[in-house]
Amino acid sequence: MSGGASVRAAIVDYALGNLYSVAHACHQVGMAPEITNDRAAIAAADLIFLPGVGAFGDAMANLRRLDLVNPLKDLAAAGRPLVGICLGMQLMLGQSHEFGLHQGLELVAGEVVRFQNPLGPRGPLKVPHVGWNRIHRPAEPGDPWAGTPLAVVAEGQYMYFVHSFYAKPRDPGVILAKTRYGEVEFCSALRQGNIFAFQFHPERSAAAGIAIYAELAALARRGRES
Amino acid sequence: MSVRIIPRLDIKGPNLVKGVHLEGLRVLGKPERFARHYYEQGADELFYMDAVASLYGRNSLLDIIERTAREIFIPLTVGGGLRTSEDINQVLRAGADKAALNTAAIARPELISEAARRFGSSTIVVSIEAMKKPDGSYEAFTDFGRQSTGMDAIVWAKRAEELGAGELLVISIDREGTGEGYDLELTRRISRAVSIPVIALGGAGNVDHVLQVIEEGAADAVSLASVLHYNFIKCAECLEDDYSAEGNLTFLRREGKGFGKIADATLPELKRHLLAHGVDCRWEGGWAA
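Same order as they appear, the protein sequences are chains A and B. This note's numbering applies: residue 1 is where the first sequence begins, and numbers increase by one. This note's numbering applies: residue 227 is where the second sequence begins, and numbers increase by one.
Okay, chain A solo, but in the shape it has when bound (with noise of 0.2 Å):
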């Protein structure tokens, strides 16, 4: 692979998902998506995208009937970049309790719940939980955001959220972004070292949300090339 060339992002397609604003998201940074469920292309990628839009159980049974469940892990296991989107961040979790429980990736461990009853100052909140909120660093000596896609996003950015369930991982420390939704403070972003993931939708997010795809290019070229 030479180092000019744009970066590879393989968006995998397992028939559930935003796949459409992800790829001109990535157009727009210069990055050449391909929507593929194909094992070799997605092998052949700098950088993964598992987006999502949908239910949990079906996402895992599509991913299992595709046969990308293991390779998936043994990519994410090699170290290449690994982007979680959404349900494609719940899905990384161990199990989820959304219809039923359901058994996760397990990439990261810990599991995904759903927002119970959430109260606002102006009374019960809807779930989903649709619209623009902040995400926030998480409390911690020095910057998490350092280093990571972050870097560029001020603190208490607003980014678009379409969702009833979210993540809880179980080691705090891969937390990389919290927001309130009522009264209840969830992980919207993460990230553990090759994976990142992020329950709003960076490809909605405006020109914060694009910059973010801009640093997740520079960090799969810098991978590449090391």
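FYI, nobody ran anything at the bench for these hints, they're computed from the structure.
Straight-line C-alpha distance at most 20 Å; calculated SDA-like pairs for lysine to any residue:
id, chain 1, residue 1, chain 2, residue 2
1, B, Lys460, B, Arg262
2, A, Lys178, B, Asp506
3, B, Lys384, A, Pro124
4, B, Lys359, B, Thr375
5, B, Lys238, B, Glu292
6, B, Lys384, A, Ser164
7, B, Lys384, A, Asn117
8, B, Lys384, A, Leu125
9, B, Lys384, A, Pro128
10, A, Lys73, A, Ala40
11, B, Lys358, B, Glu442
Non-contacting residues of chain A with respect to chain B, defined by C-beta distances greater than 12 Å in every case (computed):
id, residue
12, Leu66
13, Leu75
14, Gln95
15, Gly100
16, Leu101
17, Glu106
18, Leu107
19, Ala139
20, Gln192
All C-beta atoms in this analysis are idealised placements derived from N, C-alpha and C, irrespective of residue type, glycine included.
Assemble chain B onto chain A, guided by the hints.
Structure of chain B alone, referenced to chain A:
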């Protein structure tokens, strides 16, 4: 939770149109042009409504969706004439994020559950056109308010939620195009009856109307057209090239004519008004007023 402001663009063929009260449709310009302007001014989402919803217009609509999605990175909902799962698939493939269903969903409610299953609940918006009856109840309509269904709008809203709708777009037929304000009671009754977000549409004539439907109408999001469109076409510097071909503009820009009860505003003006009244909405520095 922040309230979303969603410019609504009615599209006929390649053009953005606006129903001027009692005067029919008028061409305002190229929809992509307006979409880009609203995106740069902080629109939270965009809503494209196919105003003709004919089979022949579909390709032109798909082109507009594709051009929009390529350069505008906020959610785009498309509605009007979507009858089957395949119709929905087409607009999503072109780059829309959500599809709004009305007529076809009333004719065959299972379309909602089928589509929610195939594309995800959050992708399916059910739009409810409602008209107030003399006894104070609301009836659901289809075909831009031309066709009555005999169905209670609040009952239908709950049913749409059960079937898997991710959001409801509540349109007041009585207020649509009047500039007299949203139907607050309609919006409030539906918003309180369901747990999914409700988008109010129809009747906005000024920024106070938007504030009212959030505070008194319990709307989770607000869609509006004329207040924003009239502001954009008024500003001459926005209108260099492709407008010379549009014969209706001279008419619309002539003071008073066609603007009716509309007090136009920019998106930043509208959002500043909401923020000043304690309504949370997405705000970023750098948006020109």
